[in-house]
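Residue 64 in full-length UniProt numbering is what sits at position 64 of the sequence shown, and the numbering runs on without skipping anything.
You may find that some hints are simply not true.
Stated by the list, open to error - Computed cross-link-like contacts, BS3-like style, restricted to lysine-lysine with a CA-CA straight-line distance of at most 30 angstroms:
| id | residue 1 | residue 2 |
| --- | --- | --- |
| 1 | Lys121 | Lys101 |
| 2 | Lys24 | Lys101 |
| 3 | Lys101 | Lys35 |
| 4 | Lys35 | Lys24 |
| 5 | Lys24 | Lys121 |
As the list claims (entries may be wrong) - Okay, the calculated beta carbon distance ranges per label pair:
| id | residue 1 | residue 2 | range |
| --- | --- | --- | --- |
| 6 | Ser140 | Asp83 | 31 to 39 angstroms |
| 7 | Thr66 | Met119 | 36 to 44 angstroms |
| 8 | Ser133 | Pro69 | 20 to 28 angstroms |
| 9 | Met122 | Gly58 | 17 to 25 angstroms |
| 10 | Asn12 | Ala111 | 27 to 35 angstroms |
| 11 | Arg14 | Ser140 | 29 to 37 angstroms |
| 12 | Val18 | His114 | 36 to 44 angstroms |
| 13 | Thr141 | Val3 | 23 to 31 angstroms |
| 14 | Asp139 | His114 | 40 to 48 angstroms |
Don't read these hints as lab results, they were simulated from the structure. All of these numbers come straight from a predicted model, not from anything done at the bench. The beta-carbon is built from N, C-alpha and C at its ideal position, and this holds for glycine as well.
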Amino acid sequence: ETVGAVLQLAANHRSFLVREAAAKALGDMAPVGHKLAVQTLADLLADEAREVREAASGALRDIGGTDDPVVIAAVIRQVLSEDWPVRSAALVVLAAIAPSKRELVEDLATAMQHGGATMAKMAAARVLQSMRSVKELRDSTQRDSEDKHDDIAGPRWGDESGAED
């Protein structure tokens, strides 16, 4: 199986360039929720090479599925890492793949902002800002939709607010 061969390269090759390419390939070819691919990519979030972590992050967003508990658990293990680049990459992935876990992501990001690494704090701030922007956009769209509905419907039957005395 092609996915199996790519998994081997991603997990074991000594060259970070090969691991990076394999991670990207997994994002393109593995089916959504493929357990071994997801676990391998989650492990690659802890890779020593930034390029590999970024490729794994993108691939996990592609094949991780939305709110899949197996994927979320694999990514959370990396969010709890001692290594700030690993925590940062994993937090970004978690925010993307776990929209129903908004409170958890916010708590983890807030905790990361109180850590020691400036770059981790910046990554956490970006995640929180992104989440706020999405929420504001969603709220704004909902208000616009409600306003348009009210305009289209006109006054309700029996509404006396427009009646003259």
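Practice prompt. Go through the numbered hints given earlier and state which of them the structure violates, listing their numbers in rising order.
Written response: 7, 11, 13, 14
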